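Residue numbers (my numbering), protein chains in the order written: chain C, 2 to 296; chain D, 7 to 248; chain F, 5 to 288.
Simulated from the structure, these hints should not be mistaken for lab results.
Keep in mind it's a predicted model, so treat the numbers as computed, not measured.
Every residue, glycine too, gets a C-beta built ideally from N, C-alpha and C.
Incorrect hints may have been included.
Selected chain D positions facing chain F (in silico; Cβ < 7 Å) [stated by the list, open to error]:
1) L107
2) N108
3) L190
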Amino acid sequence: MDNNAIINTTDNSNWRELKSKLFLGIVILLSCITISPILLILYELISKGIKQINPDFFFKVAPDTLQAMTAVRNGEILPGGIANGISGTLLMVALAALIAIPVSIVIGIFLYENQGKKYANLIRTLTDILQGVPSVVLGLISYIWIVQGVTKGFSALAGSVALAIMMLPLIIRSTEETMKMLPISIKEAAAALGVPYHKIILKVMIPSGFSGLMTGILLSISRVIGETAPLMLTTLGSTAINLNIKKPTSAVPLQIWEFYNNPNMIDLVWSSSLFLLGFVLTLNIIAKRISLRYN
Amino acid sequence: MIAYGKDKSAVRDVTADIKRNAITAIMGPSGCGKSTLLRAINRMHELYPNIRTEGEIELNGESIYKMSTTKLRRKIGMVFQRPNPFPTMSIYENVIAGYDLNGSKLKKDQKDAIVESSLHDVGLFDEVKDSLNKKGNFLSGGQQQRLCIARALAFKPEVILMDEPTSALDPLSTAKIEDLLVELKNQYTIILVTHNMSQAARISDNAMFMYLGELVEYDKTKKMFTNPSDSRTEGYLTGKFG
Amino acid sequence: MKSEKITKLILLIASVIILLIFSGMAWSMVKGAIPAFGKFGFFGFIFSTEWNPTEDHEVYGAMPFIAGTLITSLLALIICFPLSFSTSLFIAEYFRKKRIAVVLGTLVDLLAGVPSIVYGLWGFYTIRPLIASLGFEGQGFGIFTSGLILAIMIIPYATSISNEIISMVPNELKEAAYSLGATRLEVITSVIIPNSRSGLVAGYILALGRALGETMAVTMLIGNANIIPKGLFSPGNSMASVIANQFGEADGLKLSALIAIGLLLFAVTALVNATGKMIIRKFA
Ligand SMILES: Nc1ncnc2c1ncn2[C@@H]1O[C@H](COP(=O)(O)OP(=O)(O)O)[C@@H](O)[C@H]1O
Ligand SMILES: [Mg+2]
């Protein structure tokens, strides 16, 4: 045995320790860079948007260009608000949820009940792929199906369908994961009592997994609520409050886009973005709270 | 003293002189602090937060806290309870891993020599010589554990710490490893944690008995098994508890 | 027993909806794209670099947008990698389970909640002037600005997957390496990275999938020039963004060309995502 080889290996441990510490320094530095955008964005939205947040902002529709120009010229805050956008967003998201939630939960339970089967795996894979389809493509689809095919014009319904297709895979997978986490014994106990299958699902599984399902639903809503591109292709926007699902409708993100394209309305860009982000983050926090309590 | 968290002391008042080129067994019921003590010897416990230590451990009269952990761990190797060869490395790479991890630049023939002699030392060479470049996952548990011992030996450490190295193995593999340890003690100082009394009796020269974090008795193994001086040791050895 | 059969049937029928949506999407888009593919040929459309909507001279080619999408997305991936990988090491290795890691993780999660259009605004009003002040032409619009914003947008996806993968590396392997005298960096390079490689690759593939389809932020920053980008700071356009931008005034052949681009985008993202998911599933 060539013992010299071992004895002769030079001691470089100081240098190696130093390298290791340097690397940690780089990791910390890059991690700080990673989180700086969210802090900068929050700061920018709050500092520029807060002054425009007032009751009018929630209850009045957007000003027209003339009103906005006058206000800008006089150095006043912009009149009006985003009531047309808020109502449109609520309408479309509610409709999308109404379409997506029941279907997704049933499909999620199907996947859970058919673990390991070929056909279920196919459905699961397609669901995963659907989750990755860009939202603008779903806008195109909904345009072809609903705008061209059903409402013969831009409509809230078309927007809702695009959003609903976005929500489907999210709720399906979260339903399946929730069901998987329920102890099998719950199901077996019910089955042993002779409870019929559909009642086990409705009365045992869904209530037991309620908070898990709720989390998935809220997260999926928070994912679609800020979507702009698919709505540009389907609902177009509207300057008035519209609650007719067959008519063009505004939405908060659509309004942000309009304000952005109109130099006089720039102040409203910040307040609407602040509102939208606040809404999304609130939904996220509620969802996290529910899932924490559940675990 | 070694404590987890603020006031949960796991090991207290251990003073012992470990003999060179001998097998020292640490025995005791589970949870008594055997692993904690063992891991303090190569400062493995420092990997985890909230662990407080007091006291002094010396290697050849030099405080281990004065050395860098990297240097210390080259002098004090470790074998774990469950075999843990690196799954992404071949058998050859596993044996030489200590050098590669430490960035030592060895020539191919030096590496070959180290791998071969380390595997010879653990009696694994003939069994794996045709598959040195394969991943080790086809080996049996006992073979994997011997591979891990070879990995620790490759550095020619002065001390080898073993935390219940056979508790996850079948009796045949266990016997092989026990024979191996007896052979290895000519070159190395071995500290062996075991809760298997007969194992300690078979192969150790000296033995410690720990109870509730304290070192109750430390003596020649023969003496301890025939004539223990503490009633708690006697109780444990006669199976009253543990 | 009969009610059980009916319930199972209902579940099965619901699952068919996914098949219907999927095949319906493919069918509708292929049908909508046929006029464009028919006029310019499938490969002619893909490889042509000309985009001219002038009446009677209409020519549509997808290459500038394909190029723009690929370049901005790859750039985003390159920028994203060191940031998200470091963040994952911070959260799942160095400061694992410590409060600071939870805080960092929450902030990274917040990044995922910011709507695309808000990223666009922030990019437009904050990043673009910065880039413009570097002295490149084009007021800071272009490939680099879009790639940078895209990188920030995909960081949360890449990070959350790598977090999971890195924290799955067995502790005993790390301890084995430490017991051989390895430093923390050496444990990372020779134990953590090799043992999580395929999962990490999958994570970045899925992040790439997100970048490919991002629309609003890119639309607001890429410069909307229907050309193959000439350099890092050149303006360009992406597939998603040309659809959003030109859809309003589109009908006839132009609409068909946009649908064709949507179909290509659909195919590419489906492929990328299926690959990523497949690796993850094999790995886990
Ligand atoms: N990482 C840890 N954190 C907190 N307490 C621990 C930890 N590891 C071990 N302990 C506690 O320390 C005591 C000694 O444990 P250990 O050294 O593993 O015992 P043994 O190896 O003899 O079974 C036990 O009470 C155990 O619960
Ligand atoms: Mg132990």
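We went through each hint and held it up to the structure:
1. L107: holds, 4 Å
2. N108: Holds, about 6 Å.
3. L190: Given a least distance of 17 Å, the restraint on L190 (chain D) is violated.
Checked against the numbered hints given earlier, the structure breaks only hint 3 and satisfies all the rest.
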